[in-house]
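Work out the full structure: start from the sequences and follow the hints.
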Amino acid sequence: MLNAIILFILSGLVMGTPLLIMSMGGVITERSGTLNLGLEGTMLTGAFFSYYFAITTGSVWLGLLGGIAGGLVIALFHGIAMIYWNTNQVVTAVAINMAALGITNTLMGKFSMTTSAGNNISPGFEPLFKINLGEAIIGVNWFFILALIMIPLTWFVIQKTTIGLAIRAVGEYPTAAATMGIRVRRVRMLCFLYSGAIAALAGAALTIGDVRVFVNNMTAGKGFIAFACIVFGRYTAMGTAFGALVFGISEAFRNYIQIFAWSIPGGYMTSIMIPYIITLLLLIFSKQGNAPKAWAIPYEGDDN
Amino acid sequence: MKKIISLLLVLLAGLMVTACSGSDTKTETLKAALLTGGPVNDGGWNQMAYEGLMGLEDIGYEVSNTENVQQDGQKQALQAYCDQGYNLVIGHGYEWGDALTEMANKYPDIKFLQIGGNAGGKVPNLTSGEFKSYELGYIGGKIAAATTTTKKFGFIGAAKIPTLIAEITAIKGAIKDSDPTITVAEIYTGSWTDVAAGKKAAEQMINQGIDTILGIGDACDAGAIQAIDEANAAGKDVKFIGWTGDFYSAYQKDFIVTSCIQDVQGVIKTIGQEVKDDKFVSRYWLPDVASGMLHIGEWSPTATDAQKAAGEAAVQDIKDGKVTPRSIFDLAGVPASEYYDAQELVYSK
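As given, the protein sequences belong to chains H and B, one line each in that order. Following my numbering, the numbering of the first sequence begins with 1 at its first residue and continues without gaps. Following my numbering, the numbering of the second sequence begins with 1 at its first residue and continues without gaps.
Source of the hints: derived by calculation from the structure; they are not laboratory data. You can trust all of the hints, since none of them are fake.
Derived lysine-lysine pairs resembling BS3-like cross-links, with alpha carbons at most 25 angstroms apart:
#1 H:K130 - B:K236
#2 B:K122 - B:K106
#3 B:K152 - H:K130
#4 B:K308 - B:K253
#5 B:K75 - B:K106
#6 B:K236 - B:K308
#7 B:K279 - B:K31
#8 B:K122 - B:K31
#9 B:K176 - B:K308
#10 B:K253 - H:K130
#11 B:K269 - B:K319
#12 B:K31 - H:K110
And the structure:
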């Protein structure tokens with residue numbers, strides 16, 4: 001029984017890995033006062049390019065670099081438009097997500113990496129170690145370790161460092177930060193690029209770190225879930241991480257309900273919606289707010 | 001600035017006029033269009049149709065396609081091809097039924113094909129081909145029963161849609177028919193594109209001792225295959241049975257016992273040829289095992305004689321009429337509300 005519980009929680013944690021990584025990057029951007037709804041598209045781009053470069057070069061590390069580079073390019077366009085040109089942050093993100101979906105889809109077709117029974121398999125990261133629980137085996141790769149390290153690290157950077165102070169300052173009161181000599185747009189842009197790189201890394205965790213294929217729209221809304229986790233976590237690293245882990249575990253729960261054919265009200269329909277129902281409930285019943293004061297407001301002032 | 005914009009608009013309007021007038025000229029070349037709800041490089045259902053469309057090029061068609069068409073955009077997308085005088089317009093999937101029927105009424109000279117639905121035969125220029133995939137389910141179930149040694153079978157699907165329910169019910173029925181002690185677990189991931197969810201579903205099944213998995217979930221299948229690959233590398237012995245496409249020939253992994261194939265390309269080619277020869281007949285067509293449109297794919301070199309015998313016997317039994325698998329939806333008296341939980345399948349023997 002204990003084994004079963006450990007197995008359940010562990011598989012949930014492993015399932016939440018890409019989400020956890022991505023939301024840890026996202027929380028930094030949100031704290032710097034920029035609304036980042038483009039995580040989905042950036043993750044998808046990272047997933048595609050890491051897969052593509054891993055296949056063409058045969059090296060997972062070059063794949064990883066390629067994926068991050070792809071994510072950075074998307075984040076660069078997205079960030080410049082929002083932070084330097086003060087475009088509407090929601091509309092820009094919608095455009096970026098659609099563009100990412102279209103670009104990856106088109107390139108996938110162009111490189112004809114699919115057959116009617118599936119896609120070409122890329123090289124991938126092998127599990128660092130395997131945990132044996134009776135009959136069950138769970139492989140843990142370094143993305144999972146990285147995700148775990150990122151939680152305290154992100155908290156530490158935001159709360160305890162000068163960089164974190166600058167990030168919080170431009171998020172809370174950019175005009176005051178500017179008078180202190182902080183370059184508001186530059187700080188916001190760097191935060192944005194960081195979260196872009198991290199979202200792309202999470203995309204790589206999905207392809208070369210996990211399933212080793214790329215499929216159109218394979219992120220299936222994870223970018224938006226990550227955003228929901230950040231809001232639920234009240235824009236703190238710890239809260240966000242908790243949200244991401246709950247979502248991962250509820251995904252594992254969805255499978256358990258079905259494997260053991262547990263009867264729940266609503267049957268099949270409820271069971272496949274379990275992760276989303278839990279996320280919604282969390283959002284509804286959690287204490288909202290605590291958003292940075294200048295959140296989603298473009299900085300209109302001068303940059304020194 | 002305003003002047004430039006208005007100038008651009010005028011230019012654009014001019015372009016549109018020329019573009020429209022260009023399509024009015026009638027050509028002798030036959031033109032076929034394919035519309036799909038998902039991307040045509042999905043590594044599954046839509047891609048097979050796309051390959052089928054490419055096959056039409058070989059018999060002299062000029063082809064075009066539109067992918068990722070949402071339900072509310074279907075009519076508009078169909079209309080675009082009708083206006084351009086296409087000869088054969090294909091809507092790929094159950095969800096295209098209503099839109100195709102409406103367009104077929106509106107454009108009696110254009111031939112329409114629906115794959116995987118039952119809208120055909122009611123309008124003189126609309127045919128639908130719906131695979132008797134429950135026959136294939138019977139075959140798949142027989143192979144699965146001959147494959148599992150732990151007596152635990154797992155099924156991974158994307159969503160409980162009617163076709164899929166008919167298929168899984170047939171699979172379960174055939175497994176029970178072979179060996180009532182085999183347990184069947186089902187997981188639906190809720191997404192046709194979430195590969196990672198398919199992988200996790202397979203991992204959790206394997207961790208519960210399931211050693212034979214059949215996947216009907218497009219992209220999810222790729223995830224399941226990856227999970228099995230990793231589990232086998234860690235010392236397990238798990239097998240996979242493919243569905244719709246030919247998985248062994250695509251992946252070349254020995255644990256892929258074989259695949260249960262729906263010849264989408266064949267259906268498109270058959271109808272394409274009919275339109276070309278002016279022999280098109282509107283009908284609700286059920287491509288089946290007997291016509292060869294449903295068959296077993298390439299066997300893994302490690303497939304056992306027992307597995308092959310089970311599969312081939314199932315095919316032969318259906319062809320000889322010894323077994324007549326029926327869709328759960330053909331059973332009189334099954335109320336729609338119970339489709340989701342329908343468990344039993346009746347074979348007429």
